[in-house]
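Each chain is listed here by its residues.
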Amino acid sequence: MTPLVLTLRGHPDQRLDMSALVPQKLAGKSIREIERIEIQTTRERVTLGDAFKIRKGSPAAVRLNGGSDRLDRIAAEMSDGEIIVEGDVGQQAGCQMKGGRLLICGSAGPWAASGMGGGTIEIGRHAGERLAGPLNGETAGMRGGLVIVRGNAGEHVGDRLRRGTIIVEGHAGRFAGSRMIAGTIILVQSVGAMPGTLMCRGTIVMADKTCELLPTFSDCGRQDLVFARIMASALRPVSTRAAALIRRPLRRLAGDMAALGKGEIWLVD
Amino acid sequence: MRTLEVKGIRIDDTFAEAFDMRAAALVITAHSRRWARQAAVTMSGFGTSVIACGCEVGIDRELLPKETPDGRPGVRVLLFAVSTSELQKQLQNRVGQCVLTSPGSACYAGFESTGEKLKLGNALRFFGDGWQISKRVGMRHYWRVPVMDGEFICEATTGLTKQAVGGGNLLIMGAVRQTTLAAAEAAVRAINGVADVIMPFPGGIVRSGSKVGSKYRALAASTNDSYCPTLKGAVPTVLDRDIGCVLEIVIDGLTDQSVADAMRAGLAAILKLGPKKGALRVGAGNYGGKLGRHHYHLRDLLP
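Note that the protein sequences, when read in sequence, are chains F and Y.
With the working numbering applied, the first sequence closes on residue 269, and no number is skipped along the way.
With the working numbering applied, the second sequence closes on residue 1303, and no number is skipped along the way.
Treat the hints with care, since some could be wrong.
If the Cβ cut is set under 10 Å, some of the chain F residues that face chain Y in the computed set are [as the list claims (entries may be wrong)]:
| id | residue |
| --- | --- |
| 1 | Gly66 |
| 2 | Arg163 |
| 3 | Gly183 |
| 4 | Arg201 |
| 5 | Asp224 |
| 6 | Leu225 |
| 7 | Ile230 |
| 8 | Met231 |
| 9 | Ser233 |
To be clear, the hints were calculated from the coordinates, so they are not data collected in a lab.
It should be emphasised that the depicted structure is a prediction, and the values quoted were computed from it without experimental measurement.
Just so you know, even glycine gets a beta-carbon here, dropped at the ideal spot from N, CA and C.
All chains, full assembly: derive it from the sequences and hints.
Now the structure itself:
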């Protein structure tokens, strides 16, 4: 399948709302119609044709050559297909995504995967803060799917995570898994202070034994968790590092007892 | 009855009559092969016949660690019942009392179905008293239930098939118990190699074949007197003078084809053993073809 290729003409003069560039909204449109799609976020009108050179291809596979931290809401509400970005993206990448695959070869801004319900997002470099977290006024963050960050992630990874799995292969900032409702976060390298603050349910898996943990987590000791085997097996194809972490001997810390206390941190023993 | 003779063994020109059933499959794992099998055997107990046990249960096969969801040794168990509601009840009771209780066990769906599903962990999770944890991995949904040796992992649902067949059978007739049993055991060994079937009776063999009805009103089934060697002369018998023992193998399968394959494998094993060491004659049980829609003619299953 030949992808629809968009090549960025230059650094955008304003932030651009890329949410129209998803396979289900592009289906059946001609190149001319795609070029006329408006993506501005100010009163100054900008179309896709103004910002990108567009090469004909199947809208089920979209490829963006060149990136910018001003490209916001890439793959927002995407339900199927694939979008590959050869560069950085701005905020809310993959927000409200329902299916399909988003690959960002560079870094993503804050609130990537916010409200995501399904599909896969892979970020080749770093993710900003509040990865998969809720926007202001929302009660829950990510609701399903898989997010993989090959580099570092900012503070509050998985804030109010409702369901789904997040893997951060690099450093994760403070308060990872804060206010988690459920779901799974796997933090392969170093972790900032106080992961799992006020988490109700859900699982945080982490390797960093030097991390500053809250006193409101109670140590259940080393556990031979059968479920860890299932997770490791399922994650091996997408992250061998996460799978290897989960297969190591693990302690279970139950918490946060300051909240519901039905969550857990699996800490490498 | 007309018979064919193959390798010195008389084959009745008749058919086994089998019935549509509902079935489910489970994969039970544990930290060792021994404990996975223990849980499966316990769960299969008192699961020989739907007449009085509610369902028919048996081990399909053992699974290598690489074949199970958690990478531990496992056993695949099949359950058959006459209705979906009875199958659900039996599944819940048996897994709850026999698998959940077994050290280190975990329980998963034995096959997926796109349509109707049966509750597995979705029913048993309440044992966790609020401490159970729901986890989705890919398209699969699991429950982690805290128990005294750690956690019981149980998949939320398991598939249901309405294409299952129960009641495939072979009647193995020999001169004495020793040779007849040898033929039956050879057939069981061969059928164990066929996928998606179980033989729910003890060791796969039943010595008390039944007929429909009884002189006693309370009983729905009673001894198949025409096959009882001790009643020759007292009742209309189908046994020849040289037959002194009859054993039956009953086969349930997930598909019509799997039952046919199992009967074919069993028949071949009996013929291979020969009449001196094994059976003198092989027949099959039916009800005149009026009760079950699956008919397995022995002449079509000969090797």
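Here's how the hints hold up against the structure:
1. The interface hint given for Gly66/F is violated, since its Cβ lies 33 Å from the closest Cβ of chain Y, which is over the 10 Å cut-off.
2. Satisfaction of the interface hint for Arg163/F is found here, the shortest Cβ-Cβ separation to chain Y being roughly 6 Å, below the 10 Å cut-off.
3. At its closest, the beta carbon of Gly183/F sits 9 Å from a beta carbon of chain Y; the interface hint therefore holds under the 10 Å criterion.
4. Hint status for Arg201/F: holds, given a least beta-carbon distance of 7 Å to chain Y, under 10 Å.
5. The beta carbon of Asp224/F is positioned within 10 Å of a beta carbon in chain Y (closest approach about 6 Å), and the interface hint is therefore held.
6. Interface hint status for Leu225/F: upheld, as the beta-carbon distance to the closest one in chain Y is roughly 6 Å, under 10 Å.
7. Taking 10 Å as the C-beta contact cut-off toward chain Y, the hint placing Ile230/F at the interface holds, the least distance being around 5 Å.
8. Checking Met231/F against chain Y: minimum C-beta separation of about 6 Å stays under 10 Å; hint holds.
9. Hint status for Ser233/F: holds, given a least beta-carbon distance of 6 Å to chain Y, under 10 Å.
Checked against the numbered hints listed earlier, the structure breaks hint 1 alone; every other hint is satisfied.
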